[in-house]
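With these hints in hand, go ahead and build the complete structure from the sequences.
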Amino acid sequence: MNILNLLDVLEDELENGKFVPFLGKTMIDKEKSLSIIRDIRLSLPEALRQAELIKQERQRILAEAQKEAETIIKEAEEHIKMLIDEHEITKMAYQQSREIIENAQDSAKQIRLGAKEYADELLQEVERYLEEQLNIVKQNRQELNVAKR
Numbered sequence: 040m041n042i043l044n045l046l047d048v049l050e051d052e053l054e055n056g057k058f059v060p061f062l063g064k065t066m067i068d069k070e071k072s073l074s075i076i077r078d079i080r081l082s083l084p085e086a087l088r089q090a091e092l093i094k095q096e097r098q099r100i101l102a103e104a105q106k107e108a109e110t111i112i113k114e115a116e117e118h119i120k121m122l123i124d125e126h127e128i129t130k131m132a133y134q135q136s137r138e139i140i141e142n143a144q145d146s147a148k149q150i151r152l153g154a155k156e157y158a159d160e161l162l163q164e165v166e167r168y169l170e171e172q173l174n175i176v177k178q179n180r181q182e183l184n185v186a187k188r
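Each residue of the sequence shown is one higher than the one before, counting from 40 in this note's numbering.
I should point out that these hints are in silico values taken from the structure, not numbers from a laboratory.
Backbone N, C-alpha and C define an ideal beta-carbon position, used for all residues, glycine too.
Each statement offered as a hint is correct.
Below, in silico cross-link-like pairs of lysine to aspartate or glutamate (EDC-like), each with a Cα-Cα straight-line distance of 20 Å or less: (1) LYS69 x GLU54; (2) LYS148 x GLU160; (3) LYS106 x GLU96; (4) LYS113 x ASP124; (5) LYS69 x ASP51; (6) LYS64 x ASP51; (7) LYS113 x GLU103; (8) LYS106 x GLU116; (9) LYS57 x ASP47; (10) LYS71 x GLU50.
Pairwise CB distance ranges, derived in the manner of DEER restraints: (11) LYS177 x ARG137: 57 to 67 Å; (12) ILE111 x PRO84: 34 to 44 Å; (13) GLU91 x ILE111: 27 to 37 Å; (14) GLU117 x ALA158: 52 to 62 Å; (15) GLU96 x PRO60: 49 to 59 Å; (16) ILE111 x THR65: 53 to 63 Å; (17) GLN149 x GLU109: 56 to 66 Å; (18) GLY56 x LEU83: 16 to 26 Å; (19) HIS118 x ASP47: 54 to 64 Å; (20) GLU117 x ARG88: 35 to 45 Å; (21) ILE123 x GLU103: 29 to 39 Å.
Here it is, written out as structure tokens:
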């Protein structure tokens with residue numbers, strides 16, 4: 040019999056005992072009551088052992104749940120950190136790409152200006168050469184005109 044049943048039997052014994060008027064007491068079967076109490080005592084160690092096992096299992100489950108919660112929180116924090124790092128990397132990459140584009144545009148502008156200046160210098164040299172050649176042609180014509188006379 041388990042402890043709860045034994046306690047029910049003891050309770051019945053107390054409730055069904057004979058009431059003694061004027062004393063306000065109840066008479067019960069002493070041997071039967073003591074036997075029930077002994078049976079309860081014999082059952083207690085098993086019940087206490089089961090209660091202790093249940094308590095230990097509860098603590099194990101709580102510790103496991105706490106550990107799992109900490110793992111989930113840690114993973115979430117790492118994921119957030121990774122996202123922040125990725126965001127920072129993206130921002131840095133975007134900034135670097137803007138700087139590279141600006142530098143490339145500046146370099147292209149400088150190259151264009153340099154190319155225009157170089158072309159202008161070449162054209163000036165060609166112009167000087169052509170002017171010299173034109174002057175030579177004019178002189179040769181003048182000499183021819185003077186020689187015709």
